[in-house]
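Trainee: Sequence:
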Amino acid sequence: MPRFTPISRRTVLRSASAAVALPFLESMVPTTLGGTAPGATSPLRSIFIGVEGGIWTGKGGFFPYKTDSDLDRAKEWGTKGVLPGGFIADTGKDYQLSPALEPLADYKDRVLLLSGLKHAHDLIPNSSVNAHGQDLGTLLTGVDISGTPGVSLRNGQSIDQFMAERIGRRTRYSSLQLAVGKSSYNTQEASRQGLMGFLSYDAEGNALPVEANPEEVFDRLFTEGTEESRAKREQDRNRRASILDSVLGDLNRLNNRVSKSDRRKLDEYSNTVREIERRIDKQREWEDIPIDLPADATRPSGYKGYADREGDGSGRVDQMQMMLDMLALSMQTDVTRIATLRMGGYYGTFKFLGFPDNPHNGYAHGASKDPAGAQAIDRLHVSQLAYLLKRLDSMSEGDGSTVLDNSMVFYGAGLTNGPSPTRRHDKKVGFNAHGQVNTPVLVAGGAGGRLQTGRHVTYDNGTPLSNLFVTMMEAMDITDQQFSDSTGSLTGIG
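Numbering (mature numbering (1 follows the signal peptide of the UniProt record, and there is no 0)), first residue to last: -21 to -1, 1 to 473.
Hints are computed from structural coordinates only; laboratory data are not their basis.
It should be emphasised that the depicted structure is a prediction, and the values quoted were computed from it without experimental measurement.
Don't take every hint at face value.
As the list claims (entries may be wrong) - Computed list of lysine-lysine pairs in DSSO-like fashion (alpha-carbon distance at most 30 Å, straight line): (1) K369 x K330; (2) K72 x K87; (3) K369 x K87; (4) K369 x K72.
Said to hold, decoys possible - Now the in silico label distances, taken between C-beta atoms and shown as ranges: (5) D229 x G290: 53 to 59 Å; (6) K369 x Q431: 44 to 50 Å; (7) D297 x D85: 35 to 41 Å; (8) F331 x D246: 53 to 59 Å; (9) Q75 x D275: 22 to 28 Å; (10) F331 x A84: 45 to 51 Å; (11) D229 x Q461: 18 to 24 Å; (12) G428 x G71: 16 to 22 Å; (13) Q461 x A84: 32 to 38 Å; (14) R232 x N185: 24 to 30 Å.
Ideal placement from N, C-alpha and C gives every residue a C-beta, glycine not left out.
Construct the complete structure from the given sequences, taking the supplied hints into account.
Mentor: Structure follows, in structure tokens:
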């Protein structure tokens, strides 16, 4: 077997005006690792995609109901608030993909479909947050933010940020927060409090802003800039560092003059300041390290602000794929290993699918009369998930594996649409409502061989969705045994 002198994956070809990364070469893999199993030398990644506004879970929807009687049982289960075992007949390796999931047919052996999971809280009809406030806002946190009128709402840390705290220092960016289009939540109370339209929340429960323009994402992640712009960035960092040093000095002096309670508050503030300092230091650390951008990578162009509210809505597919390309490229180049993506739900125009212009309420709450529109939109979104999986699977790691082999792609929604299996203070539930029991979720990708994919696994009695997040943490070699309302890890999939 030929032997090579290993070269760095960060090797680039430089000219006077540009730096272009080499494609992956076998010389980039040490000879001692050349025959190891796929995934042995490659980093693991976690991607979380949340669909805003919910997913249709009635007949012909996300889950593979085989017969009308299965759907009737789901409706009955909704009124009782109990999850009977085996309500979905089609499980195991030989299950048939539901119509909504048919675009994943080529990747069925890499998909783990999960049913019976939920967060510990149900939707509360009289809370200060309506169903949509407990949609994406709690999908990745598992926190009960139902609250009471007049009381400030508070979320918790999302699983992506929990992971990023533990492994984020290994990459240029601890995590990315991306979005396709603007959130439709812009006037309600929960939106003003940062509980709608966001997937990622820091350790204090604060919503993290998202980036929705793929052109700007490319520029921020992959463009080195001119010497002048680099010097300006360093000047700005020095200025911020000087201010922070001054602030910390003032805090130390104040500590001797305030009460014990105030000192605790100052300590919390000091920790925040030091975290900002750490981020500045990290920016400096990565400033002169070139990015392994593939030679065929191109900057996206033609972004029109997610053209879903103009014309027939057909422009949304191109806009979605621009951002999915950026997401895949960020994983391929290892600028990050953790990312979230908010995907638009039933909002906007879908005339290009053959349906009249019908807003959220028409599709999500009128779907039981004619669910074709909801089914088509969900299928459209799943087809974009399939597009992402194909992109990740086309990216070689150079050790016999692909980026998809070494990734976990979580896809789901915080709400069900249609037959709502949710118990609300012993009140009968309407079947055109939102629910949060049997959360529609799946995980795709190989996770470095650490998940048993290609199956539909169902769980009984409302197993916490957070148990899945613990399982994903274990696959990422994160040793914490608890997240949010988890009671352990999921059995039978690892």
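Trainee: Now look at each hint and say whether the structure bears it out.
Mentor: Taking the hints in turn, this is what the structure says about them:
| no. | hint | verdict |
| --- | --- | --- |
| 1 | K369 x K330 | holds, 27 Å |
| 2 | K72 x K87 | holds, 9 Å |
| 3 | K369 x K87 | holds, 12 Å |
| 4 | K369 x K72 | holds, 21 Å |
| 5 | D229 x G290: 53 to 59 Å | holds, 56 Å |
| 6 | K369 x Q431: 44 to 50 Å | violated, 22 Å |
| 7 | D297 x D85: 35 to 41 Å | violated, 21 Å |
| 8 | F331 x D246: 53 to 59 Å | holds, 55 Å |
| 9 | Q75 x D275: 22 to 28 Å | violated, 37 Å |
| 10 | F331 x A84: 45 to 51 Å | violated, 23 Å |
| 11 | D229 x Q461: 18 to 24 Å | violated, 37 Å |
| 12 | G428 x G71: 16 to 22 Å | holds, 20 Å |
| 13 | Q461 x A84: 32 to 38 Å | holds, 37 Å |
| 14 | R232 x N185: 24 to 30 Å | holds, 28 Å |
This entry does not satisfy hints 6, 7, 9, 10 and 11, going by the numbered hints stated previously.
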